[in-house]
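Chains as they are written, first to last, in this note's numbering: chain Y, 1 to 138; chain C, 1001 to 1554.
Hints listed in this document are in silico derivations from the structure and should not be mistaken for laboratory results. Please note: incorrect hints may appear among the correct ones.
What the hints assert, rightly or not - Facing chain Y, from chain C, some residues (calculated, C-beta under 10 angstroms):
id	residue
1	LEU1113
2	GLU1154
3	VAL1462
Said to hold, decoys possible - Here are the simulated DMTMM-like pairs of lysine to aspartate or glutamate, each with C-alpha atoms no more than 20 angstroms apart in a straight line:
id	chain 1	residue 1	chain 2	residue 2
4	C	LYS1178	C	ASP1499
5	C	LYS1543	C	ASP1509
6	C	LYS1443	Y	ASP30
7	C	LYS1266	C	GLU1220
8	C	LYS1313	C	ASP1270
9	Y	LYS101	C	GLU1470
10	C	LYS1549	Y	ASP30
11	C	LYS1457	Y	GLU120
12	Y	LYS101	C	GLU1473
13	C	LYS1410	C	ASP1049
14	C	LYS1423	C	GLU1262
15	C	LYS1455	C	ASP1045
16	C	LYS1549	Y	GLU45
17	C	LYS1014	C	ASP1046
18	C	LYS1410	C	ASP1396
19	C	LYS1443	Y	ASP117
20	C	LYS1443	C	ASP1029
21	Y	LYS77	Y	ASP127
22	C	LYS1466	Y	ASP97
23	Y	LYS85	Y	ASP127
24	C	LYS1004	C	ASP1045
25	C	LYS1443	C	GLU1433
26	C	LYS1450	Y	ASP117
27	Y	LYS102	C	GLU1220
28	C	LYS1466	Y	GLU34
29	C	LYS1455	Y	ASP117
30	Y	LYS102	C	ASP1480
31	Y	LYS101	C	ASP1481
32	Y	LYS102	C	ASP1481
The beta carbon of each residue, even a glycine, is placed where N, CA and C say it ideally should be.
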Amino acid sequence: MSKPIKVLVAKPGLDGHDRGAKVVANALRDGGMEVIYTGLHQTPEMILEAAVQEDVDVVSLSILSGAHMSLFQRVRKMMDEGGLKDVPLIGGGIIPDEDVKKLKALGVSAVFGPGTDTREIVRYIRDLFEGNQSKKAD
Amino acid sequence: MNPKLRASLAESKKEYLKKVGQSPVQDLDFTTVSGEPVEILYTPDDIADIDYMEDIGLPGEYPYTRGIHANMYRGKHWTMRLFAGFGSAKDTNERFHYLLRGGQTGLSVAFDLPTLYGYDSDHGRAVGEVGKCGVAIDSMRDMEVLFDGIDLGEITTSMTINGPAIIVLALYAANAEKRGIALEKLAGTTQNDILKEYIAQKSFIFPPEPSMRLVTDSMEFCTQHMPLWNTISISGYHIREAGSTAVQELAFTLADGFAYVEAGIKAGLDVDEFAPRLSFFFNSHLDFFEEICKFRAARRIWARHMKERYGAKKPRSWLLRFHTQTAGVSLTAQQPENNIVRTAFQGLAGVLGGTQSLHTNSMDETLGLPTEKAARIALRTQQLIAHETGVSNTIDPLAGSYFIEAQTRKMEQQAEEYFRRIKELGGVVQAVEDGFFAREIGKAAYDYQKAVEQKRKIVVGVNDFKEGNEEDEIAILRVDDQVEVDQVASLERLREMRDNGAVQAKLQDLEAAATAGHNVLPHLLDCATAYATEGEMTQVFKKIFGEYKEPAYF
Chain Y
1 MSKPIKVLVA KPGLDGHDRG AKVVANALRD GGMEVIYTGL HQTPEMILEA AVQEDVDVVS
61 LSILSGAHMS LFQRVRKMMD EGGLKDVPLI GGGIIPDEDV KKLKALGVSA VFGPGTDTRE
121 IVRYIRDLFE GNQSKKAD
Chain C
1001 MNPKLRASLA ESKKEYLKKV GQSPVQDLDF TTVSGEPVEI LYTPDDIADI DYMEDIGLPG
1061 EYPYTRGIHA NMYRGKHWTM RLFAGFGSAK DTNERFHYLL RGGQTGLSVA FDLPTLYGYD
1121 SDHGRAVGEV GKCGVAIDSM RDMEVLFDGI DLGEITTSMT INGPAIIVLA LYAANAEKRG
1181 IALEKLAGTT QNDILKEYIA QKSFIFPPEP SMRLVTDSME FCTQHMPLWN TISISGYHIR
1241 EAGSTAVQEL AFTLADGFAY VEAGIKAGLD VDEFAPRLSF FFNSHLDFFE EICKFRAARR
1301 IWARHMKERY GAKKPRSWLL RFHTQTAGVS LTAQQPENNI VRTAFQGLAG VLGGTQSLHT
1361 NSMDETLGLP TEKAARIALR TQQLIAHETG VSNTIDPLAG SYFIEAQTRK MEQQAEEYFR
1421 RIKELGGVVQ AVEDGFFARE IGKAAYDYQK AVEQKRKIVV GVNDFKEGNE EDEIAILRVD
1481 DQVEVDQVAS LERLREMRDN GAVQAKLQDL EAAATAGHNV LPHLLDCATA YATEGEMTQV
1541 FKKIFGEYKE PAYF
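If we strip away everything but chain C, and leave its shape as in the complex, we get:
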């Protein structure tokens, strides 16, 4: 900014703020959904110290604030990937085919809770939960059904699995091998982000240290044998859903990312070998601009730390590639059709933020799992954004906005402040054990709830505009209890039909490898191929690693 403009702006802005300070304002909280204050107006002086080439630059160039690809959506739209899974493998396979026919371009598997915790469907802890909030997978047999008629050499598959991620990856990969598809052709993602399980999602099984070892085993194996596989999807989504603010989501997620990088380096891996396969997963919440700034800040922070702090040399290692899901927690059970609109705004923010793939929530997700129709509307929402709104014609169209750039920088600075605090606490794992994240997130969640109850924040249909709440009824998907009965019966048949001698031998090999500190993934592949169950493989690890128990506080 030239000195003349600076002086004239300073004078005018002072006058303006004085004038506007005297005008009446509505009795509302002018903060983001995270409670961050926002100024009434942003002007060139708010970004005077931002250096365009240094801080923003061009798309596809360091520090990637404007996007990771030079051509962004002109090259290819984001992957439209709806998270799906319910009932049996057959039920979910049908949903996959339905979505693919509708123009979806990638798969994303939702597993049921027993699968997420490494319990077979016939385990006592699985009673009542089989197939309820995702698909029930016990062995490679279920994987065969789940992906029947889908070319695993062509499609990319994302699997939301963490505690037993390495086991489920083995089930997936073994099934592909059995079908004659080479491991190096498999493309997709295992979420495999165990740190955020302790922080927010809570589907952990083993304590942090052995869990991190399983993560580094999968990083090492995939680097060598599955070069197209994203080994970890470092996730802020669940942190945000648990109640964090946007800045906390940004900071805690990237702090987890740095912890994986450090673990990989400590395990003797070359950062440029594994970093290109790390990917991210963020929430796209209600506050439109805050979300866009968060995505932009995330790219810049990651690039800077990877290059400057960890010495990564390959530009691929500097790229923060991310999947986005709209905010489930923002959906309301009241007037559920309004959720279509909320989701559209949030999906748009993800696209303006430069996401690589997107899940748009279905309107009925506060009531149950998506019906076919609700899922179709969610997919159509993305197609509308891609093909009708015109927003993907030009890259990062909000760049240069005084507000967007000032806010992007502010979020970067706030995240850096959290990194310092986490470091002072002794790192991510220590901070988990101290309950730091749980306290921060719990407080933010309760603060938001109070803001809604005091009507400082308006939620349409919940604390205002309630007319019509009674009349809106939409269809709900129900998972029949028969799914559990059938799944248990089919598991029983599997245990009878397979070569149990071979299963036991492979499980013993797995135990020996796990105890000796060898990479367990090749042994898991052998177990999977012999039709060992997820629960049996998990049990081997439980015997050696023990189980994690979270301290209960609120």
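Chain Y on its own, in the form it takes in the complex:
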């Protein structure tokens, strides 16, 4: 029996737009995952702490404020230095294509923009762990 995939859904920075984060959190839960939602106004430090404490498999950020370049970069760096180098970082929000490319180069695994079908996110996360049963098997 394998444990469900555990995802941290986090709202970094001062952005208060939480509709998307909550919709995604609901969809991931309905997709059979265990979801930890941080709530609003998280600093990169708080996100790392929650990710470590909850021992999550994926960290996802939702940013609609335009501060995505700075925030994704800081969270990724903090995760790398904080022992979560192998934990994928994904996200979504108002992020232009040009920035998506830059974010991927910085180690962000996937970015889901406006209009994304939530089932696509569920599938993406599942695929990350398929064939990696050693991590998920009990």
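Got chain Y; can you put chain C on it based on the hints?
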């Protein structure tokens, strides 16, 4: 309806419904964007119990269903007011001048997140956010630049600011005074609607109770010194954007409005003194008729409650004046030019609903802040509605439609049902603390998402008609990271140049007034004039009031 017609209609309608019930229908959800069922046909019997004079009446007359002015748009068109702000005060000042040259008739300021949360640009929490989703304002110095070359005695300015609204109002007013414009001449709006921050927009700073005290302080001060200022813009916009239905937007917004009225009365103010300066702000979403009915119902509900429940005597107190913004959440990143069309429909609904001012979204807002060109098209959309479509020639042209009147009444009844539930929960603040609004809105948002994913609702370019999604590329406005560097440097210079002894003295006076329960606004004006920063003033309040932390659930 006369009995003969009633009988003949009942018979015919029965036959009709039987016949139509057997005919094939498309496999679609025949509901509004809020998921409300809509009948295939409305006839006189659907509005048989509506009394024209009692429930609808004439424009400019109680209960104002048809509009708040007797002459509506023949007297003057709605104010064309585009929400604008990005980068530095100088960047935004240039955009303001561009929009005014293009025929815009009022200003609306979008602040960046650090400003919305009362953080100065050099605060640790501001890193990466300065000037990104609005303009960075730290002190009166930035206000001087922001409104350079604009006559504050003539223009009306709306400011979307809530947690620190009273502080930013002081910065604005102090700047006007410095330029020799009397406070009583200042016209405009501070959003200052803290209740909906806890419900939806989430840019709160202090807990609800002291926040409400800051709201009543500004109501009291403006009543005495700034009679043309709208002290609160009671907002459904963000509730709707967060995912609520149209009825929830209507009900939660008006419930907030009633809570402010009750707070004002409790603070010892006369309802007829402050109610005329309350204004509203609604979303205009995709479902054309539902929105129009919502605006009409809102006016009627407000008038009835103000007159009958709160005993307001001045007709001005009964009027629900409102600003409208088209639905940002309805815009798609796919084929973004289609957003121009969506926005035009939504703007038209706002006008047919009798709005007093309108913001039309730019097509690029799912990608970034508006470029100059996108903002111009948005403004032109309003000018097209005003001058080319002919819809403003006659007042409330959809009144009397069986559908419109039946739906307006239904929404009024559904809103009343929510008022009862909120009352049972112990009022708005209690309902916030219980997570009632968050649950209702979160559920509606997720229901809608599922409807789209199951293709019960079609969104052009998103779940159907996707051809062309790859080829549409439009220009995107980028806010340079240098803005933050420059803003921090300029703030540093300000802290060196100003009389810091005077700043400290004024901040201490502010603290004493806040602690003693005196009206803080005169002290904020003194602080602003001495170039105290927004962050320093906010810090004084944080020390006394504490900070609000929202429980996290989804």
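Results for each hint:
{"no.": "1", "hint": "LEU1113", "verdict": "4 angstroms, holds"}
{"no.": "2", "hint": "GLU1154", "verdict": "32 angstroms, violated"}
{"no.": "3", "hint": "VAL1462", "verdict": "4 angstroms, holds"}
{"no.": "4", "hint": "C:LYS1178 / C:ASP1499", "verdict": "17 angstroms, holds"}
{"no.": "5", "hint": "C:LYS1543 / C:ASP1509", "verdict": "14 angstroms, holds"}
{"no.": "6", "hint": "C:LYS1443 / Y:ASP30", "verdict": "13 angstroms, holds"}
{"no.": "7", "hint": "C:LYS1266 / C:GLU1220", "verdict": "12 angstroms, holds"}
{"no.": "8", "hint": "C:LYS1313 / C:ASP1270", "verdict": "11 angstroms, holds"}
{"no.": "9", "hint": "Y:LYS101 / C:GLU1470", "verdict": "16 angstroms, holds"}
{"no.": "10", "hint": "C:LYS1549 / Y:ASP30", "verdict": "27 angstroms, violated"}
{"no.": "11", "hint": "C:LYS1457 / Y:GLU120", "verdict": "18 angstroms, holds"}
{"no.": "12", "hint": "Y:LYS101 / C:GLU1473", "verdict": "16 angstroms, holds"}
{"no.": "13", "hint": "C:LYS1410 / C:ASP1049", "verdict": "12 angstroms, holds"}
{"no.": "14", "hint": "C:LYS1423 / C:GLU1262", "verdict": "13 angstroms, holds"}
{"no.": "15", "hint": "C:LYS1455 / C:ASP1045", "verdict": "34 angstroms, violated"}
{"no.": "16", "hint": "C:LYS1549 / Y:GLU45", "verdict": "17 angstroms, holds"}
{"no.": "17", "hint": "C:LYS1014 / C:ASP1046", "verdict": "14 angstroms, holds"}
{"no.": "18", "hint": "C:LYS1410 / C:ASP1396", "verdict": "18 angstroms, holds"}
{"no.": "19", "hint": "C:LYS1443 / Y:ASP117", "verdict": "17 angstroms, holds"}
{"no.": "20", "hint": "C:LYS1443 / C:ASP1029", "verdict": "19 angstroms, holds"}
{"no.": "21", "hint": "Y:LYS77 / Y:ASP127", "verdict": "24 angstroms, violated"}
{"no.": "22", "hint": "C:LYS1466 / Y:ASP97", "verdict": "18 angstroms, holds"}
{"no.": "23", "hint": "Y:LYS85 / Y:ASP127", "verdict": "19 angstroms, holds"}
{"no.": "24", "hint": "C:LYS1004 / C:ASP1045", "verdict": "12 angstroms, holds"}
{"no.": "25", "hint": "C:LYS1443 / C:GLU1433", "verdict": "17 angstroms, holds"}
{"no.": "26", "hint": "C:LYS1450 / Y:ASP117", "verdict": "9 angstroms, holds"}
{"no.": "27", "hint": "Y:LYS102 / C:GLU1220", "verdict": "51 angstroms, violated"}
{"no.": "28", "hint": "C:LYS1466 / Y:GLU34", "verdict": "33 angstroms, violated"}
{"no.": "29", "hint": "C:LYS1455 / Y:ASP117", "verdict": "11 angstroms, holds"}
{"no.": "30", "hint": "Y:LYS102 / C:ASP1480", "verdict": "16 angstroms, holds"}
{"no.": "31", "hint": "Y:LYS101 / C:ASP1481", "verdict": "18 angstroms, holds"}
{"no.": "32", "hint": "Y:LYS102 / C:ASP1481", "verdict": "15 angstroms, holds"}
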